[in-house]
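*Asks:* Order-wise, the sequence lines are chains H and E. Under full-length UniProt numbering, the letters of the first sequence match residues 1 to 137, in that order. Under full-length UniProt numbering, the letters of the second sequence match residues 1 to 137, in that order.
These aren't lab readings, by the way, just hints derived from the structure by calculation. Certain hints may be false.
What the hints assert, rightly or not - A few chain E positions that, by computed beta-carbon distances, are all more than 10 angstroms from chain H:
1) P31
2) S55
3) R108
Claimed, not checked - Selected chain E positions facing chain H (in silico; Cβ < 8 angstroms):
4) L53
5) P76
6) Q90
7) I105
Ideal placement from N, C-alpha and C gives every residue a C-beta, glycine not left out.
2 protein chains.
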Amino acid sequence: MNPGRCAACRYLRRRCPPDCIFSPYFPPNNPQRFVSIHRIYGASNVAKLLQQLPSHLRTQAADSLYLEAQYRIEDPVYGCVGLISLLQQQIHDVERQLAMTQAEIAFRARHPQAVESNLLNNVGNPSFSNQASSWFM
Amino acid sequence: MNPGRCAACRYLRRRCPPDCIFSPYFPPNNPQRFVSIHRIYGASNVAKLLQQLPSHLRTQAADSLYLEAQYRIEDPVYGCVGLISLLQQQIHDVERQLAMTQAEIAFRARHPQAVESNLLNNVGNPSFSNQASSWFM
């Protein structure tokens, strides 16, 4: 076995040519990286994708393909689309929390006396935020 | 040409068998859907992925594979990992804005006189939020 072969050529049991398309992005010390993307995309699809890019962008492409392959192996139904849905839900939740907090500020600006007594105890209390925003929104 | 063939079998120029793995998820009226995933994953990898799933989860898997393929075609370097980075940045920004707004509420609760005069004019003004949060954080 030639110890200089990249992880892809080792996995594919072939000679690793000097201009191997995989070699710079799949070093022999990390065989799992190629196994994952081979399982999801197949070697020829990855080679085609890398070949169509300028060489200074291929590392990023190999990294992102590896990440997507990992997500797909962990979640064969949704892959990284599952993570995208989760992040979109998280943004929605934080934006809603922000809108409620801004509504609380606006309410307090207009009704300083009404909330004066509860203020110091209720800052950051979600039920107070909900109440203030329901008055205002 | 058999008009009953699914988009995959039409594209692959083959007979569409009654138990075709692609047929329920790649109808003939949407040929682009199969073209996209074939370009990124290859037909045999998609068939393998669908076959390993119970049939009630295959529609979601075909949909998410199509979405990922579309992202990769639009952005061959980052694919949907680019969108994930963007969403993570967006969450970071909204969380930061939320923390500043909460700091503003806390500051106002502790210093009602100091901000009284500017309050009605400055609610929602980012420079005021920055100032209040820098006092407090």
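*Asks:* Can we keep the E:I105 interface hint, with Cβ of chain H closer than 8 angstroms?
*Replies:* holds (5 angstroms)
*Asks:* With 8 angstroms as the cut and Cβ atoms as the points, is E:L53 at the interface with chain H?
*Replies:* Cβ of E:L53 sits 6 angstroms from chain H, so the hint holds.
*Asks:* Interface hint check: E:Q90, Cβ to nearest Cβ on chain H, cutoff 8 angstroms. Holds or violated?
*Replies:* holds (6 angstroms)
*Asks:* Holds or violated: the hint that E:P76 contacts chain H, with Cβ atoms closer than 8 angstroms.
*Replies:* The hint holds - E:P76 has a Cβ within 8 angstroms of chain H, the shortest such distance being about 6 angstroms.
*Asks:* Verify this label for me: E:R108 is non-interface relative to chain H, using a Cβ-Cβ cutoff of 10 angstroms.
*Replies:* violated (7 angstroms)
*Asks:* Taking the closest pair, is the beta carbon of E:S55 still more than 10 angstroms from chain H?
*Replies:* Holds, because the least Cβ-Cβ distance between E:S55 and chain H comes to about 12 angstroms, which exceeds 10 angstroms.
*Asks:* Taking 10 angstroms as the cut and beta carbons as the points, is E:P31 off the interface with chain H?
*Replies:* holds (19 angstroms)
Hint 3 alone, counting from the list given before, is not met by this structure.
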